[in-house]
Amino acid sequence: MKINMSKSGLELSRIVQGMMRLNEWGFSKKELENFILKAIDFGVTTFDHADIYGNHTCEKIFGEVLKSNSSLRNKIQLITKCGIMVKNEKYQRRVKHYNTSKIHIIESVENSLKNLNTDHIDLLLIHRPDPFMNPEEISEAFDELYNSGKVLYFGVSNFTIQQFKTLQSWVNVPLITNQIEISPYNIEHFENDNIYFLMEKRINPMAWSPLAGGNLFKINSEKASKIFYALKEIGKDFSIDSLDTIAYAWLLSHPAGIIPISGSGKIERLENAVKSLELKLSPEQWYIIYEAALGHRVP
Amino acid sequence: MKINMSKSGLELSRIVQGMMRLNEWGFSKKELENFILKAIDFGVTTFDHADIYGNHTCEKIFGEVLKSNSSLRNKIQLITKCGIMVKNEKYQRRVKHYNTSKIHIIESVENSLKNLNTDHIDLLLIHRPDPFMNPEEISEAFDELYNSGKVLYFGVSNFTIQQFKTLQSWVNVPLITNQIEISPYNIEHFENDNIYFLMEKRINPMAWSPLAGGNLFKINSEKASKIFYALKEIGKDFSIDSLDTIAYAWLLSHPAGIIPISGSGKIERLENAVKSLELKLSPEQWYIIYEAALGHRVP
Amino acid sequence: MKINMSKSGLELSRIVQGMMRLNEWGFSKKELENFILKAIDFGVTTFDHADIYGNHTCEKIFGEVLKSNSSLRNKIQLITKCGIMVKNEKYQRRVKHYNTSKIHIIESVENSLKNLNTDHIDLLLIHRPDPFMNPEEISEAFDELYNSGKVLYFGVSNFTIQQFKTLQSWVNVPLITNQIEISPYNIEHFENDNIYFLMEKRINPMAWSPLAGGNLFKINSEKASKIFYALKEIGKDFSIDSLDTIAYAWLLSHPAGIIPISGSGKIERLENAVKSLELKLSPEQWYIIYEAALGHRVP
Chain A
723 MKINMSKSGL ELSRIVQGMM RLNEWGFSKK ELENFILKAI DFGVTTFDHA DIYGNHTCEK
783 IFGEVLKSNS SLRNKIQLIT KCGIMVKNEK YQRRVKHYNT SKIHIIESVE NSLKNLNTDH
843 IDLLLIHRPD PFMNPEEISE AFDELYNSGK VLYFGVSNFT IQQFKTLQSW VNVPLITNQI
903 EISPYNIEHF ENDNIYFLME KRINPMAWSP LAGGNLFKIN SEKASKIFYA LKEIGKDFSI
963 DSLDTIAYAW LLSHPAGIIP ISGSGKIERL ENAVKSLELK LSPEQWYIIY EAALGHRVP
Chain B
723 MKINMSKSGL ELSRIVQGMM RLNEWGFSKK ELENFILKAI DFGVTTFDHA DIYGNHTCEK
783 IFGEVLKSNS SLRNKIQLIT KCGIMVKNEK YQRRVKHYNT SKIHIIESVE NSLKNLNTDH
843 IDLLLIHRPD PFMNPEEISE AFDELYNSGK VLYFGVSNFT IQQFKTLQSW VNVPLITNQI
903 EISPYNIEHF ENDNIYFLME KRINPMAWSP LAGGNLFKIN SEKASKIFYA LKEIGKDFSI
963 DSLDTIAYAW LLSHPAGIIP ISGSGKIERL ENAVKSLELK LSPEQWYIIY EAALGHRVP
Chain C
723 MKINMSKSGL ELSRIVQGMM RLNEWGFSKK ELENFILKAI DFGVTTFDHA DIYGNHTCEK
783 IFGEVLKSNS SLRNKIQLIT KCGIMVKNEK YQRRVKHYNT SKIHIIESVE NSLKNLNTDH
843 IDLLLIHRPD PFMNPEEISE AFDELYNSGK VLYFGVSNFT IQQFKTLQSW VNVPLITNQI
903 EISPYNIEHF ENDNIYFLME KRINPMAWSP LAGGNLFKIN SEKASKIFYA LKEIGKDFSI
963 DSLDTIAYAW LLSHPAGIIP ISGSGKIERL ENAVKSLELK LSPEQWYIIY EAALGHRVP
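Residue numbers (this note's numbering), protein chains in the order written: chain A, 723 to 1021; chain B, 723 to 1021; chain C, 723 to 1021.
Any given hint might turn out to be false.
If several chains are the same, the list does not tell them apart, and a pair holds so long as it fits within one copy or across any two.
In silico PhoX-like cross-links for lysine-lysine, where the CA-CA straight-line distance does not exceed 20 Å [claimed, not checked]:
(1) Lys1002 <-> Lys724
(2) Lys887 <-> Lys923
(3) Lys988 <-> Lys940
(4) Lys948 <-> Lys818
(5) Lys958 <-> Lys940
(6) Lys789 <-> Lys887
(7) Lys812 <-> Lys945
(8) Lys818 <-> Lys945
(9) Lys751 <-> Lys872
(10) Lys818 <-> Lys954
If you're looking for bench data, these hints aren't it; they were derived computationally from the structure.
All chains should be built: construct the whole structure from the sequences, respecting the hints.
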């Protein structure tokens, strides 16, 4: 149930639990602890955060559990992100923007460490490609964070192929993932070749929104309808009713080694995700879903 | 009249005869043999097949001639392809899809060898980029086919730049061509940089549909009309009436070393193609056709 | 005020004076000499030409000053370009096209040397990517021009990433720049990743039309209006009224080391450009302009 992130040495669980909406789940500290423990029981030991999730609150909520249960930290891997400067009532900026300056990256990680009550982040991602990025500054920030032991591994999110190559050419540490949106509802990273690039580089993609924020199970557009019935058809092959299991199997069967991030706070949903690890789609089954996503047959 | 496929050692004829519609030509075995012999006389010694052409019948028709005339095989080079799983009355599949698994590639080549009555394929192409491809399996299949002498050279068809790089990074054999659609009617591989990539890698592109399936000679759209009159204008420069000769000259004059595939079963059409080898377009002549294809002047 | 073009050794001024419209400025030889001397006073020592500017007249006008003031040549760097074959009353061609054959490149440079009254060009650019280019011929031309001392450095203009890679793979000299259109009005080379590619390769982009031909200061479209008010807002931060200064600062603050080309014949405009060297935009200020260009907030 572990996946080795290419040659880096970092081991993440095959499915990752996302914490973006933790602040909305209404968990007590005890309930969150139980959720985490059950996830670990399922083999899901990696938790995906970002500095800004829940308007900068989610890391802190999660960190309270780590504080009160000191045995937890060694059983899990923590991912967090930095670089987005939100604008709202709490953060009064002139515009939402990105900041990947050395000083901001380091400050953001220091905050994340404090919020999460931990002394190290397992994997730090640049949240969005920053057209104003100074790769030399990012390199210096990464070196400092790596040498101090505060961050063990580094990666990016939502980068194009070229943006990945550019940043990699400047930083001394290997970039071990690109966290991108992939689902039967969103196949843009097949169409823009990003997935093939990561396969060339032996880098595991992480997939955010693997269920397209629930759009997979709505029949409110022709596209959604096609995908829904395709998932249903494959579900029937395996006698499985939970279409999310099929959507996860579609991602997990792919040779790129895609690591999906389950974003739900319902433990049953995570269970449905984990069940998909037992399924292996044939090329024909995989294409039934892919062509529904594409909207037409392959040429 | 031969072209050396980069550093690989494989020699193909400068123009290739395509066999996609062989089943529609209504040739007797003798007529097909005569067609092949005349092509060889013209210097066209390479024949382009695919497992699926004619709903899996064309290889077999061609193979009958090789069986009855045993001196032919050594005078020609055979290209075939694999990876497309058609769906029709004969092949009852749930959807048309691709399959580039190790087991399918090897099985498909074994069938092609049997159909063609030969013990080796000169050049095997993956017919379409397979988003579900497992490059490790393709690599194993290629190694096995190469080591057994069943396939001498390998390439791809319709791949993007990145898909080519990805597959090349996994397979041990060099990919010696990308067979793509190129014609004055279809310049997408100039626009998506594929042709420049192949020039960087010193790889000869093969061009399918070099006459755009006949669209070049119709005046049923503004685009077709522009191209028709551009070809006519250049034809006048050389006192040549057959516009297909000009279209081939446009491809053959290009420094990328494009190898066009003539798809017609009429030997006069192949003759028109071969005649183009004597023409060399100037930059201005080449641009008259290119700008007709583009629909506007270059900036 | 000098910028070192990567590892090449060529030093250009941080801002370059473009000569495309020199023939329209109505300068006497004395006025042009004064303009050049004032530019040099400002630290602007690099002058950007092309064979075709002013329908092949601008180089000659400039060269008259170099002829009469023999001390000037050693104080400046000359850029020129070749490869575009214009079509008009003076040049009666069948179509406008490109020509990057060896014979044309060398002939064009010989003409530029004669027109400019100099024995060497500091930097020669291929003006436009030529889909009919024969990179081997370009390589031979560059070698010959380099070995004879007639051209010191080489580069390209308006090339895609792949076109740049392809040409670089064939020529022995390093390509030290890609001169592309960049301005708050035109961010296409952020969107097509060209700027990130140049950052990967440690190559300084040159920016033509940094003020979008004056479009930056018109309020005749929603886009223009958004950009106008963004520039105004940042101008206020620095108590600067000249919006062109802000536009230049936006380019010069970027870590890619963009070298803008000022195209105006009014010395005050060049002064406004030079003033921008004192400004350093923060990420937030930079994004206020970028998002105006984008038309929406970043995700």
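Inset, instruction - May I ask which of the numbered hints given earlier this structure violates, with the numbers listed in increasing order? - result: Of the numbered hints given earlier, those the structure breaks are 6, 7 and 9, listed in rising order.
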